[in-house]
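4 protein chains.
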Amino acid sequence: MARSMQTRTDAQTTSRAFFIDRYQSIRRFSEYLCEPLVTEDYVVQSMPDVSPTKWHLAHVSWFFETFLLSQAIPEYQSPHPQYAYLFNSYYNTLGKRHSRPRRGLISRPTVEEVYAYRRDIDDLVLNLLEHLDERRLAELAPTITLGLHHEQQHQELLLTDIKHVLSCNPLSPIYKARSLPSIPNSSPLSWVAYPEGVFWIGHEGEEFAFDNEGPRHRQFLQAFQLASRLVTNGEYLDFIEDGGYSKPLLWLSDGWNTVQTQQWQAPLYWEKRDGSWYMMTLSGMRAVEKNEPVCHISYYEADAYARWAGARLPTEAEWEIAAQDVPVEGNFAEQGLYHPAPLNNADPARKLAQMYGDVWEWTQSAYSPYPGFRPNPGAIGEYNGKFMCNQYVLRGGSCATALSHIRSTYRNFFPADARWQFMGIRLAREV
Amino acid sequence: MARSMQTRTDAQTTSRAFFIDRYQSIRRFSEYLCEPLVTEDYVVQSMPDVSPTKWHLAHVSWFFETFLLSQAIPEYQSPHPQYAYLFNSYYNTLGKRHSRPRRGLISRPTVEEVYAYRRDIDDLVLNLLEHLDERRLAELAPTITLGLHHEQQHQELLLTDIKHVLSCNPLSPIYKARSLPSIPNSSPLSWVAYPEGVFWIGHEGEEFAFDNEGPRHRQFLQAFQLASRLVTNGEYLDFIEDGGYSKPLLWLSDGWNTVQTQQWQAPLYWEKRDGSWYMMTLSGMRAVEKNEPVCHISYYEADAYARWAGARLPTEAEWEIAAQDVPVEGNFAEQGLYHPAPLNNADPARKLAQMYGDVWEWTQSAYSPYPGFRPNPGAIGEYNGKFMCNQYVLRGGSCATALSHIRSTYRNFFPADARWQFMGIRLAREV
Amino acid sequence: MARSMQTRTDAQTTSRAFFIDRYQSIRRFSEYLCEPLVTEDYVVQSMPDVSPTKWHLAHVSWFFETFLLSQAIPEYQSPHPQYAYLFNSYYNTLGKRHSRPRRGLISRPTVEEVYAYRRDIDDLVLNLLEHLDERRLAELAPTITLGLHHEQQHQELLLTDIKHVLSCNPLSPIYKARSLPSIPNSSPLSWVAYPEGVFWIGHEGEEFAFDNEGPRHRQFLQAFQLASRLVTNGEYLDFIEDGGYSKPLLWLSDGWNTVQTQQWQAPLYWEKRDGSWYMMTLSGMRAVEKNEPVCHISYYEADAYARWAGARLPTEAEWEIAAQDVPVEGNFAEQGLYHPAPLNNADPARKLAQMYGDVWEWTQSAYSPYPGFRPNPGAIGEYNGKFMCNQYVLRGGSCATALSHIRSTYRNFFPADARWQFMGIRLAREV
Amino acid sequence: MARSMQTRTDAQTTSRAFFIDRYQSIRRFSEYLCEPLVTEDYVVQSMPDVSPTKWHLAHVSWFFETFLLSQAIPEYQSPHPQYAYLFNSYYNTLGKRHSRPRRGLISRPTVEEVYAYRRDIDDLVLNLLEHLDERRLAELAPTITLGLHHEQQHQELLLTDIKHVLSCNPLSPIYKARSLPSIPNSSPLSWVAYPEGVFWIGHEGEEFAFDNEGPRHRQFLQAFQLASRLVTNGEYLDFIEDGGYSKPLLWLSDGWNTVQTQQWQAPLYWEKRDGSWYMMTLSGMRAVEKNEPVCHISYYEADAYARWAGARLPTEAEWEIAAQDVPVEGNFAEQGLYHPAPLNNADPARKLAQMYGDVWEWTQSAYSPYPGFRPNPGAIGEYNGKFMCNQYVLRGGSCATALSHIRSTYRNFFPADARWQFMGIRLAREV
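Chains H, L, Z and D are the protein sequences, given in the same order.
Start counting the first sequence at 1; every next residue gets the next number (our numbering).
Start counting the second sequence at 1; every next residue gets the next number (our numbering).
Start counting the third sequence at 1; every next residue gets the next number (our numbering).
Start counting the fourth sequence at 1; every next residue gets the next number (our numbering).
Bound conformation, chain H alone (with noise of 0.2 Å):
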């Protein structure tokens, strides 16, 4: 369905009866996700990073109602004014906004109060894609089109959040029962090797993109190899038991001192009893499979894992590279696993598996501006640049990734400590 988008015509994209049908399936599908969860698990925050689920299906549409829905009718009055303090996320320019760790605190407004919000949001836009004339509806069209991009980032974080609230709860309660696919046997790790060269990287042309992803511009590359496939559980547990988590020259120093403080051993959910390994996933905790791409691990634990393999994490540009070429397919949110999935080898033969979905493969690039890079003019500009600091770049979407929104230009960014999200490892190496 997504990939279709980019295969249309301007005309098509930005067609009235597209955007009404596409605004009505990503909204769906948001609370879609939320049919396995109770009122209470709406509420709950489990750390600074994590938001209430409530607090992502208001957020969303309080985006919508900034952005679109006060820019394009005159004299609008919201239905709900102090949401807007409530529901800021983090545009300065917007006025105050609620502290970021005391959104748990937040009992009211209800879940069912925020579907109403919701509703009342929902047939707001409807009216307006069903009765803007032509001219106006295209003016518009980004800021639909960045809305609706914006609601599938919170589908993904409304996951691993959720994730995170129900592995604090000592019941293992499930969000939702799934058997996971399994394969007896690993494939095997080929390394694909690409030539040195000036190279073009980043987003140009009319198709959607976030304004981090360009200017497009020439990065020049040595010639560098990409490991085929991700790297496994069972490679990862070989990291662990070879003593990865206590030799220090393995590590960045800051990622050694994290090791210490936060006392890790293994990827974040990971348990072990009775000296076996097990794992939370959203559909309950289940052994480790060693054939599933490793997943739930830092950046300092890809760099860690991929220096004791002799290799190194991939820059964004090499990275890029090699994605252009493949097709935007694999284990995303639309398939309802929310788990990476084992490499299949009845697969048809392809030189670069896994290059999307599953899990983020974190670069080892960090965060920074494109050249000429200029941030979106308002307070949409605060959306991505001024995040470029301390962060590291991880690229390909993951299975709790929506497939439409994925590309081979897009930039996902995390601190290097960060676990919760699905992320996982591919390595590079010189030649």
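Relax, there's no trap hidden among the hints.
Partial selection, computed: residues in chain Z whose CB lies under 10 Å from chain L:
#1 Asn92
#2 Pro248
#3 Asp254
#4 Gly255
#5 Asp303
#6 Gln364
#7 Ala366
#8 Tyr367
#9 Lys386
#10 Met388
#11 Cys389
#12 Tyr392
#13 Pro415
Away from chain L, derived, C-beta distances all over 12 Å, residues of chain H:
#14 Ala177
#15 Trp191
#16 Glu196
#17 Gly205
Bear in mind the hints are in silico, worked out from the structure with no lab data behind them.
Cβ atoms here follow ideal geometry from the backbone N, Cα and C, with glycine treated the same way.
On the provided structure of chain H, position chains L, Z and D as indicated by the hints.
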């Protein structure tokens, strides 16, 4: 009601019908207090001292299960063995428990499941009360009574905790709309004198009391005077306006550090808007009423106010000697006001007003064991004794305490910086 | 020496020659205690509670300057006006001051300059003492005496602080090599009984005492028993080996939290090497000597040990009643041992041994004002009263206290988790 | 001097006499820098990033001992084996070490003992340099050179650290009285243009460089412009007066948090008195000189200033390309100013001024490995590589750097919030 209980004969107070009635009415009152809440309110923990409402409801049931059912029923099987981990508050004797500051991270069991748990426990307890033989009933009577007093303590915490939770919400939700009383004229403060002597204080006899209220013992008291009523908001405002919060010499050293670190300028829940003071109540925001007793102040503030006023706080022995002759009546939780009330001059003249109810009265006495104190044997011995350090005694109950829960010998205790209980000031002075 | 002072007549104790002699000898003793130090030792602050040695030396001089010289000399000009900011400890009345935890960041004034400052102050004070007329001398006598007792308090802190500083150095520097006494056999512990009654405690009369030692007042005490000697290392080792540090029921709740947070396993300065316990002393590391009084333990540990031993800590009134009849003598700083000494059986029989000197004895009494307590007027009123919160009283002095500094009514006080003073245990129990 | 070294032939630079001379002069310079200090100054650690002066002096000697003497001398016996624990900075390979933030708690070894230790090491190294055969000398030459560059790095830290220590003292001690230059007129800022292309950057060849400066490699650069000089205090004052510190949109998100948490209003060491800005220098407090380069600012401030000025920070590749043609000369530590100097218009015209010396120039480049980077083998491999995370690259040296220590390829690095080094701003922009 409570008073009359204390004058019944032993035979009556341990009678089967009495226990059944009392059990049912106290358990019902907990749920009555929750009626104004929505599901989301039950989940939130707004600071480490606060527990979520559903935790309170479950914990008091776990208490009956642990100390009554599992003792009384051979081979007792808990309907939810895993709740022991979640709902044990602080009994080290009973095994590991969930970390207190993380109670707000637990979305399951749901509110509905917690009520179902209460039903299960109620059925088991009532069945027990109906079918135990007389001898066994008499043996277990102290535990049943303890369980009920324990639940009453949590009823008070439930109210003060939900007040704190709602206070964190910028939407200022109201627990229960009530018109709070207001009176035009303040009641003059006079001093009641007591002579020196050796006095008996502490609990003795068959009536229920906590272990920390005994043994009854003698203390020598110098002559002293006690204020005829509580300190009012109006009087406390004079202290504020005289710069009370910015004069270090009025404060204990720890208190002054706290004032500066926490940037205290007024009691908890007070807020200055356009030059006037408002306070958050369980019935919403309202202007500070000058003739109400001042409330939600720490020991540090009570002590500083007393010094400013040229007086001091009473010792707990002084308070108890004075209270022994005052009938236990006043503004308690049963009245449904949940807020201290101004002193009505029209009330029948009494030399000491407001001794019970309205607000807990800080004493200058550090919470320590009475001479010869022995905690109860077993896990229940952790109830009181282990907290006898770095806390101060408060006396008299508050507008959130059940009337049937209070006595002249009752010792409540909190750290010197606690403010979220209904805490206030009665002055004392030397002759 | 000190004892004899207390029996002189008023005329004598306020005589000019007496003051000059006493001033010189106490000031000299401070410097004598510093003789073993190198310049670098004077600078370090190893934790917020500790002050650098040069700070102590300067602060006590500032005290004479502020409370004596600037009162006694018209238009007094300080040789170093800026020292008032650096060397004021906690007198809010006297203006802003340097932050306590930052005392170790101040390299200047140098040690030499601090000694020069002492010389300046000494010259001024001695000049004053020589030339004041009799009436004025009598008026200022209390301030001079207070200044000298104040300096003696800092002599003790100077020793305990430098012990802590040296303990942080992996090179294990020695303050002063001394062979510490050792005896083969322990002295049996017996109990001394005291009857119930109304007793007078607290200070009264012309002899010097701090304001917190009065007013003298009556207390009713139940009959009690006091241990004939201090608890020994050997006895405390039994507690350790019986798992005392891992049994929560032995501990106050705050104490148990502290044990776990701080990972306490033994008294401060104890260290297990190859299965044997060693302790750091001011004379270097040595094996734990079983017959010495246990030392460097917190209130929490003293209380837990007492509970384990089936006893309790005495109240300060009990201690004082018992101490009134015991001569003030023992192992004090003048002996130069700076370490508690084992009880010598060869000593003349005394029913209560080690009441004075060796170690401060924790009482179970929270530090609070005596009935009718009024702090001294002016800045000096901040000396004691404002600390009457969240601290516990210790009695009897230690091996680091000057003999002439102690009395039966002397109230020392520290928070329940303090361990770096020479603090130990005497048991009490009900009859 | 340093420049000439870089043009000598290999034979010369590894000659015995050259090494002896260079070793002696660099070691002497460290001690020369300490001449203004009193013993007490050597001890203090004013924040975790700062080390005591005596620690620096000992650590650089330990470095020679560990990496040179123990390698070069069979069965080497350290004169102070226990110093390895105290003076290892961060080499995990070499065993346990003293905790960094506790360096200021160590009064022994004394300053005198540290100088004696330096003498011991000097004797051993010089003896080695005199008697090694030529082959062995050639083999060890890289280690000797590394040790000397290492000592030069610590000379700079010694200056910046003692500046921080003295700044914590309310007495405002002066390190060394100097009259700092001042000029009446500012030099106009112009832009120097560079064309796009593929460029070589990084170190190659026989001259000394740290491992992180290589391998030499190609980068594609778009056309850019570089400011002809550093940003001045006057220009930075305009930013302050325009409300730069109170406009969140100018700042990176982390930067804005830091500004608010740390309450930054101006560069480190600036202070407003009666409406005018003053700054603390190593020569004392002085009014802010408008034509001096702005200094002691964080990456966050440099980045915010650049955004406010409509420009950006250069990348490190841009800086290096521009610097390759500029002679290495400027205001370095050898000048003894220890403070950045205003640009003198009378200087011979040069299109790029102040590229070397004065202040380290923040680049926008995160500190990361060059393509193909391999750390040195063994413990020395911990020198640079493990810090390649969450730091930013600075270029060009400062007024506290030794001239002979700097090169165009030199990569200094600090976290984005560091301010205590001499750090400033050169602007860049797109064409």
